[in-house]
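If you read the first sequence in the numbering used here, its first letter stands for residue 440, the second for the next number, and so on.
Any given hint could be a false lead.
[As the list claims (entries may be wrong)] In silico SDA-like pairs for lysine to any residue, Cα to Cα no more than 20 Å straight-line:
(1) 486 <-> 444
(2) 473 <-> 1199
(3) 486 <-> 537
(4) 864 <-> 688
(5) 1098 <-> 1197
(6) 456 <-> 1098
(7) 682 <-> 585
(8) 825 <-> 864
(9) 553 <-> 640
[What the hints assert, rightly or not] Label-pair restraints from in silico Cβ distances:
(10) 468 <-> 1112: 43 to 53 Å
(11) 549 <-> 647: 45 to 55 Å
(12) 1256 <-> 1159: 50 to 60 Å
(13) 662 <-> 1154: 29 to 39 Å
(14) 549 <-> 1075: 20 to 30 Å
(15) 900 <-> 553: 40 to 50 Å
Think of the hints as simulated: they come from the structure by calculation, not from any bench. None of the values given here were measured: they were computed from a predicted structure. Note that the Cβ used here is the ideal one computed from N, Cα and C, for glycine as well.
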Amino acid sequence: MSSHYDFKSIEAKWRDKWIKDKTFKVSTRPGQKKFYLLEMFPYPSGKLHVGHLRNYAIGDAIARRKRMDGFNVLHPIGWDSFGMPAENAAIQNKTHPHKWTVGNIDEMRNQFVKMGISYDWEREVATSHPGYYKWTQWIFARMFDEGVAYRKKSFVNWCAPCGTVLANEQVIDGNCWRCDNQVVQQEREGWFLAITKYADDLLNGLKELAEGWPERVLTMQENWIGKSIGAEVEFTVDGSSEKLTVFTTRPDTLFGATFMALAPEHPMARQLVGGTGQEPEVTAFINETLNQDSTERSGEGAEKKGVFTGRYAVNPMNGEKIPIWIANFVLIEYGSGAIMSVPAHDQRDFEFAKKYGIDIRAVIVTEEQMDGESTSNLIEDYAILKEAYSGDGIMVNSGQFSGLHNRREGIEKVAEYLKEKGLGKKTVNYRLRDWGVSRQRYWGSPIPIVFCDKCGVVRVPDDQLPVILPTEIEFNESSGSPIARSDAFIKTECPKCGGPARRETDTMDTFMCSSWYFNRYTSARNDTAMAAKEDLDYWMPVDQYVGGIEHAILHLLYSRFFTRFLHDIGIAGFQEPFKRLLTQGMVIKEGAKMSKSKGNVVSLDVMSDRYGTDATRLFILFAAPPERDLEWSDAGIEGSFRFMGRVSRWMEGQMGAIKRGGEAPAGLDGLPREAADVRRAVHKTINKVNYDMDRFGFNTAIAAVMELMNTIGAARLADDPASTAVTAEAAESLLLMLAPFTPHFCAEMWERMEKPGSIVDHPFPTADPACMVEDSIEIVVQINGKLRGKFSVPPGASKEELEKLALANEKVTAHMGDKPPRKVIVVPGKLVNIVV
RNA sequence: GCCGGGAUGGCGGAAUUGGUAGACGCAGAGGACUUAAAAUCCUCCGGAGCUUAGCUCCUCGCGGGUUCAAGUCCCGCUCCCGGUACCA
């Protein structure tokens, strides 16, 4: 290693200097534009590995470049430090979650410093710090006052191993997002946030993000919100005054409804059956279904099952009586938990009807069928068919609506009719559910609520915030949260009447803590507000957000919701928190995402000890474009390491010329040939690197710099003043272009070159067009589109000249033989294609 | 099923608007330096064929099409990855 630059002492020197000098302390110089760059803050789980590094290396390259471009850059970091792993680790290691978390933060902070990421450490935040969660609670209080945070009893996702409720977004394929164990449905009371009130706003807001966000994230959010437009239709229960409401996106098929189906959880289910003699069967069916777990009931290929209630509903369109069934495929959470079933035109209804021998009645036929002579036997047709027809067509067997095209007129006309008769109305349904935020865990922000026997549910007043999470507490393996057993925490006074009251012992979902943290960085030490208005107005929204695709729905949707809420109550002057989003791919090792739990991590400490932080950062940016997954290769990093050695050796070898420097003449005129070639390469590279960095093509930017290094390393420039100036310019440009990627090395070489000032604030180089002028360009000759020859011409040669030269080219004439050219296409500066 | 994204050498990946496919790097082969090794430097490196200083043909998942010209545009498939799903 002796022939390599001494990266250990160089990196130590500069990282210490940057911390000591507070080099990256945010400034708000007037007259400069702001740029807020943010990487998703980490959960302090322990040591960082090279998989984590990718996120921060990308962010730092952007931040450093923007800083060189003269922006006032806000580039902060913090810790998403509440959460389950701290509790699990505490139980395992007989320590306390707080101690474990703080220890990990210290360790990871040191690693960030060692990596030389350009953070302003004075703005560091941790969500588990009372100075932070005071404001999480404050936001909850605002939501409570506005009716956005509310309490209800409902079926919730319960993860037994974690001992807590989960939000819908945290259930992945029926399993817990954290521990991967099966989630079951349980009826419970808890706190919910009315994100569904914002469903339409969140959907419409996506349009505004179309330019800056990856399309797939937008579609994922769109699908998650799942808007569908349809109608609510009221059916009366035959022989009773009870009514049942169904939601349908196909009111045009109402005449084809041959039965109705309720979810087993439907409140009317047990009531309806009274006195019909069907009670034993129905009760047994409901109990059986409710005891099934979600995959058994609704997983892939789950069988459709149901039971007849013995009662009938009246179809409001034609007064027909249709049987009411209870069916396992009807979901209580969606729509009204009851459906009208049209077997002819819905595949699920079709399967169910076939199984239980219910009528199948066609009410839509294709336009081709309509042209045929008869539609009378379509009912029989469906009885032998294997599937429902869910496409569009002409309405038949539909009373006054027969003959209409369902999509073009039918849906609208039927909806209008229902409205007129008071039988229903047009409605919109969303797949999105309200966000359950109660967690039966200890390590999270307390919910600022007390329960008073006299006053009921009472919000803790703002001047009593934060409700401190006690850290002096018995923490052991027994199930449930320790604060739920702590009288000292639970027993309190009612803020309203002063009487005895109990504190809420559920804590908040940690995603609440991370749904607003980007605001806090703008005003991190503020103890009178979540953030000062002027700080929010100046810095927000985030100009560029960088993070993993795994948060496409969870964190990114929740943050958008919080921001809209804060906007509506007048705190935020913006509706979208993140203007642009870059989702970096995963780091893969041995076919799996690099993670501690998979045991395939590559230690960041080992890599930076062996190759240095700079080379590690350089490699991770070079190996693949940021959005794509990256296969880690220990061998690959050697290449980046060798490249840095080459740059270092070349610079040391040229140091005399570099220090002498001098003004290069304008453009390329008057430069010796070799020097002109080098200078042209330098400026063309600058041009490409600027272009690539603007589109986050770090891999190609780095490749271009490597290519430049190969060119200037091979060149042998003379000793004349002009050539010396070109060498110095090349060295300077090379360092400036590498500075966002390998900051320690570049700072060191900058100093050795005796350049004034700091490289971190030096303007990023821009290309001079006069230095990119070519003295000759290569023209390709094709015959019938195939490459046949090449020749050089001065730039600006005319079409006629190019054609003449191409036709005169020996190889071309050899190929053409005696066939005359039929057509000649000339693309000036590029090629000539001869068609024979 | 539906919605996104993708498929280029042994490997990671390049190829701004259709215009020289394989930049840059890794791995590999040969050589220089060295007592030796490491480090460094130089050369070669998609495939096949031939009358082998060179030349020809093939090659960007497969099959068609548009065009003077297609990795790039259009149509039809195959496979892989991600998201989502009894959502009425």
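Practice task
Starting from the range 29 to 39 Å, see whether the pair residue 662 and residue 1154 falls in it by beta-carbon distance.
Solution key: violated, 55 Å
Handout entry: residue 549 versus residue 1075 beta-carbon gap, inside 20 to 30 Å or not
Key = 26 Å Cβ-Cβ, so the 20 to 30 Å window holds.
Exercise for the section: Verify the proposed pairing of residue 486 with residue 444, using a straight-line Cα cut of 20 Å. Expected result: The given pair, whose Cα atoms are some 27 Å apart, is violated under the 20 Å limit.
Problem - C-beta pair residue 900, residue 553: status relative to the range 40 to 50 Å that was hinted - result: holds, 44 Å
Practice task
Compare the distance between the alpha carbons of residue 864 and residue 688 with 20 Å, and conclude whether the hinted pair is satisfied.
Solution key: Measuring from Cα to Cα gives roughly 12 Å; hence the hint holds.
Handout entry: Outcome of range test on Cβ distance (residue 1256, residue 1159; 50 to 60 Å)
Key = holds, 51 Å
Exercise for the section: Could you grab the alpha-carbon distance between residue 825 and residue 864 and see if it respects the 20 Å cut-off? Expected result: violated, 33 Å
Exercise for the section: With respect to the beta-carbon atoms only, verify the hint that residue 468 and residue 1112 lie 43 to 53 Å apart. Expected result: Check passed, 44 Å falls within 43 to 53 Å.
Problem - Pairwise hint evaluation, residue 1197 against residue 1098, where the allowed Cα distance is 20 Å at most - result: holds, 16 Å
Handout entry: Proposed proximity, residue 640 with residue 553 (alpha carbon, max 20 Å)
Key = Violated, because 43 Å separates the two Cα atoms, which is more than 20 Å.
Practice task
Below or equal to 20 Å on CA atoms is what counts here, so check residue 486 against residue 537.
Solution key: holds, 17 Å
Problem - Holds or violated: residue 473 to residue 1199, with C-alpha atoms at most 20 Å apart - result: holds, 17 Å
The structure does not agree with the numbered hints 1, 6, 7, 8, 9, 11, 13 stated previously, though it agrees with the rest.
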